[in-house]
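Using the hints provided, position chain V relative to the given structure of chain C.
Protein chains: 2
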Amino acid sequence: MLFHWFYGGKGESRSALVMKNLIKERSSQAVSCAYLKGASYEVGSLRPISEIEELKKDTNTLDTLLTLGLETFSLSTKKPVELAKSSIEKTVDRAGVDRSQIDEVIYATSGYAMSGKPWCPVHYSKELNSLLLSLNLSHCTGMGVSFSQCVNIIAAIELAVGLVESGRKKNVLVFSADCLSPHESRLVDNGISVISDAAASCIVSSEQNNGYFIEAINKNIDWGLLEIDSASDFSTFFKRTAEGISGAVQQLNQSLGRVGSDYEQLLTNSVNLSILRIISRQTKVDVDRIYSKNISRFAHCDCSDILINLADYELEKEGEKSDPVLLLASGPYVWGAMSLVRMC
Amino acid sequence: MLFHWFYGGKGESRSALVMKNLIKERSSQAVSCAYLKGASYEVGSLRPISEIEELKKDTNTLDTLLTLGLETFSLSTKKPVELAKSSIEKTVDRAGVDRSQIDEVIYATSGYAMSGKPWCPVHYSKELNSLLLSLNLSHCTGMGVSFSQCVNIIAAIELAVGLVESGRKKNVLVFSADCLSPHESRLVDNGISVISDAAASCIVSSEQNNGYFIEAINKNIDWGLLEIDSASDFSTFFKRTAEGISGAVQQLNQSLGRVGSDYEQLLTNSVNLSILRIISRQTKVDVDRIYSKNISRFAHCDCSDILINLADYELEKEGEKSDPVLLLASGPYVWGAMSLVRMC
Numbered sequence: 001m002l003f004h005w006f007y008g009g010k011g012e013s014r015s016a017l018v019m020k021n022l023i024k025e026r027s028s029q030a031v032s033c034a035y036l037k038g039a040s041y042e043v044g045s046l047r048p049i050s051e052i053e054e055l056k057k058d059t060n061t062l063d064t065l066l067t068l069g070l071e072t073f074s075l076s077t078k079k080p081v082e083l084a085k086s087s088i089e090k091t092v093d094r095a096g097v098d099r100s101q102i103d104e105v106i107y108a109t110s111g112y113a114m115s116g117k118p119w120c121p122v123h124y125s126k127e128l129n130s131l132l133l134s135l136n137l138s139h140c141t142g143m144g145v146s147f148s149q150c151v152n153i154i155a156a157i158e159l160a161v162g163l164v165e166s167g168r169k170k171n172v173l174v175f176s177a178d179c180l181s182p183h184e185s186r187l188v189d190n191g192i193s194v195i196s197d198a199a200a201s202c203i204v205s206s207e208q209n210n211g212y213f214i215e216a217i218n219k220n221i222d223w224g225l226l227e228i229d230s231a232s233d234f235s236t237f238f239k240r241t242a243e244g245i246s247g248a249v250q251q252l253n254q255s256l257g258r259v260g261s262d263y264e265q266l267l268t269n270s271v272n273l274s275i276l277r278i279i280s281r282q283t284k285v286d287v288d289r290i291y292s293k294n295i296s297r298f299a300h301c302d303c304s305d306i307l308i309n310l311a312d313y314e315l316e317k318e319g320e321k322s323d324p325v326l327l328l329a330s331g332p333y334v335w336g337a338m339s340l341v342r343m344c
Numbered sequence: 001m002l003f004h005w006f007y008g009g010k011g012e013s014r015s016a017l018v019m020k021n022l023i024k025e026r027s028s029q030a031v032s033c034a035y036l037k038g039a040s041y042e043v044g045s046l047r048p049i050s051e052i053e054e055l056k057k058d059t060n061t062l063d064t065l066l067t068l069g070l071e072t073f074s075l076s077t078k079k080p081v082e083l084a085k086s087s088i089e090k091t092v093d094r095a096g097v098d099r100s101q102i103d104e105v106i107y108a109t110s111g112y113a114m115s116g117k118p119w120c121p122v123h124y125s126k127e128l129n130s131l132l133l134s135l136n137l138s139h140c141t142g143m144g145v146s147f148s149q150c151v152n153i154i155a156a157i158e159l160a161v162g163l164v165e166s167g168r169k170k171n172v173l174v175f176s177a178d179c180l181s182p183h184e185s186r187l188v189d190n191g192i193s194v195i196s197d198a199a200a201s202c203i204v205s206s207e208q209n210n211g212y213f214i215e216a217i218n219k220n221i222d223w224g225l226l227e228i229d230s231a232s233d234f235s236t237f238f239k240r241t242a243e244g245i246s247g248a249v250q251q252l253n254q255s256l257g258r259v260g261s262d263y264e265q266l267l268t269n270s271v272n273l274s275i276l277r278i279i280s281r282q283t284k285v286d287v288d289r290i291y292s293k294n295i296s297r298f299a300h301c302d303c304s305d306i307l308i309n310l311a312d313y314e315l316e317k318e319g320e321k322s323d324p325v326l327l328l329a330s331g332p333y334v335w336g337a338m339s340l341v342r343m344c
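As given, the protein sequences belong to chains C and V, one line each in that order.
Taking my numbering, the leading residue of the first sequence gets 1, the next gets one more, and so forth.
Taking my numbering, the leading residue of the second sequence gets 1, the next gets one more, and so forth.
Honestly, the hints are just simulated from the structure, not real lab data.
Fair warning: there could be bad hints in the mix.
Which copy is meant is left open, because identical chains are indistinguishable; a pair holds if it fits in one copy or across any two.
30 Å max Cα-Cα, derived DSS-like pairs, lysine-lysine [said to hold, decoys possible]: (1) LYS126 / LYS170; (2) LYS56 / LYS293; (3) LYS284 / LYS79; (4) LYS20 / LYS317; (5) LYS239 / LYS90; (6) LYS79 / LYS239; (7) LYS170 / LYS24; (8) LYS20 / LYS170; (9) LYS126 / LYS239.
Same shape as in the complex, but just chain C:
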C-alpha cells in the first residue's frame, strides 16, 4: 500500500504518523472468531389455537393446522421489551458473561407498531432505555435492526459478528422481541403457521467458552417474491420460496465444503409439519433431524424461532459434543442460514 502524504508542518506530520501507525496496526491484527452463547427466550401464556378469532370463523384452516402439528400459541399481555428482559436475564446467566463486559446491544424486530401505537422514535428509545437500565446495561447505546422480517435475527447476528470479528466489540447482546397488537392477524398466509408473541436473545462473543463457533452466515434474497400474490399464483410463489431456501443453504454449504447430512440438527421456524418436509427436501437435511418439538407449543414466534429452538436443543444436549448445527430462518422473500459448532 502506497501513501503519498503531504508533510506540510508539525501538526500534519503527527496526524499522518497516527494514521500510518493505525493502518499498520490494524492490518497486522488478526480477525477474531465469533461465538454464539446463552441462547434463551421468553413467551407469554400458551393458549389453544382454536381460541384465535380468525380460526373460530375458519374451521377448515384450524383443522389443517391441528392436523399438521399446531396446538397452542403464545399470547402476551406484556410489552415486547418486558418479554425481552426475562429472556436477556437468562442469556446473561447461561452465557456466564459479566454485564459490564457487554459492549453493544442490537435489537431485531419488525414490530414498530407493537404497542398499537404508530412508530415514534422517542417512545421506542424510552422503552429501550428502561430495558437497558433495568438490566444494568445502560452503558450500551443499542441499535434496532429491521426490514428482514423473520430473518431479522440472522441480520442482527451477522452485524454483531462483524463487530466482534473486527475486534471493535467483545460481547454483543442480540435480542428479538415481537408481539402482535390485538387488531393484527395471527395467521401466516397459506396455513403455514400461527404467529406468537415472544422474545429471544443470545450473546455474540469473542470468547469461546460455553459457546458455539459461528462458522458461516449467508442470506439469500428474491425481492421479486414481494410482488407475487401467493393466493392467485401459488405455484410460482411455492417454487421460488423453495428455491430461496435451497439457495440460502447451498451457498452456505459451498462456502464450508459441507452437505446437508453433515448437520446433526436443523433448527428452523416453527411452521406446520408439511412445510418442514419441504424444508428437509430443499436443505437435504433428513426430516428426523429437524427440531420440531416447539411447533405444537409455541407456533411461529416471528424472528425468535431459531434462537428458541437453539435454546431448547442446547438444554437437551448440555455437556455433549455435537456435529454442526444448521439454523435456517425463512421470511416471505428473504432467507438466512447459519452454521454453528458447539465448542467443548
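Relative to chain C, chain V alone:
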C-alpha cells in the same frame, strides 16, 4: 486455543476438520481497513423558514433562528426512498464502485412513520425493494438501522465498518433518508434548528481508492437525558448535553492520541451558530474549523447532516490532501464521533 473434539465417526471427523481449518484460516486473516467514499446527498426544494406554520405563530423563535444563521429548509414532496435514489446514484458515481461489487445495503432512519402511515414491515420492504431494483442493487438484502435518531448514520457506518474490517463484505452502501409528515413538527426543541427532508449516502469499502480512511468511531450515551424535560430543567439538560458531546470526542481522541487542534475540519449537525460555539468549546476544535455553510441552506437534515457536509467539504477540497476530519453527530441523548483521513 485448545479443542477437545470428539471423533466418533467419519462424518464427525470431517466436520471437526472443516471447523478447525476455518478457525485457523480466520485467525490468520488480517483485519481489513475500512474506507468511506462517495459521500453524496439529495434534498427537496429550499423554502424560507418563515413559511413554516409553527414559526409564523412564533415570531420570537423565528427571529432568533434567523439571527443565528438559519434561512431556508428543505421541503420534499418526494418519498424518502426517492430522495435516497438520487443520492445513491451520485455516491456510486463519485466512489467509482461497480454496482455489482456492492454486497450489502444498510438504511439508517428514524422515519418509520415517514409516509404518514403507521409502520408496516411489508410496505417498507416493498419501498426498499423498488429502490434497490431501480438501482440495479436487488442482489443486496438491505437492513434498516434505527433507535439512535440523529446518530443513526454513525451506528449504520460502524456496523458497515465491522462487516468490511472482518472481511465479510467488500462494499457496503450506507444511506439515510428521512422526511417529515405534514402533521409533524419541524422545530427542534430550544430553538436549536429546523428539521429538513433529505437523504444522504456513502460506501464503506475495503478498497482505499478515492476514500477516507476510517480511523475510529465512538458513540457515547446518556440515557438519563431522555427523562429530563429540557423546558423545565434547561440547565441540567444543557450541562449533560455538553458533557455528552465532549465525552464522545474525548474518548475518540484518547484512542487515537489526538487533540482537537489536530482536525482540519469538524463536520457536525446544521444547528444554529450559538450551538456551534458550544460544540467548538466541547470538542476543542476552533469554531472557524466547523463547517457551517449549510446551516443557512439546509438546516437540520436529521441523521444526514454529517454526510451532506462531508460531500460539500469534499467537493471544495477535491484533489487536495488534508489533515484528519472529525465528524460529530449529536442526538437528544446519544452522540457519535468519527475520525476520517483522506487518502491520496
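Going down the list of hints, with the structure as the test:
no.: 1; hint: LYS126 / LYS170; result: within (26 Å within a copy, 35 Å between copies)
no.: 2; hint: LYS56 / LYS293; result: within (25 Å within a copy, 63 Å between copies)
no.: 3; hint: LYS284 / LYS79; result: neither (38 Å within a copy, 43 Å between copies)
no.: 4; hint: LYS20 / LYS317; result: between (49 Å within a copy, 21 Å between copies)
no.: 5; hint: LYS239 / LYS90; result: neither (40 Å within a copy, 37 Å between copies)
no.: 6; hint: LYS79 / LYS239; result: neither (37 Å within a copy, 33 Å between copies)
no.: 7; hint: LYS170 / LYS24; result: both (22 Å within a copy, 19 Å between copies)
no.: 8; hint: LYS20 / LYS170; result: both (25 Å within a copy, 22 Å between copies)
no.: 9; hint: LYS126 / LYS239; result: between (43 Å within a copy, 20 Å between copies)
In the structure shown, a violation is registered for the earlier hints numbered 3, 5 and 6, in ascending order.
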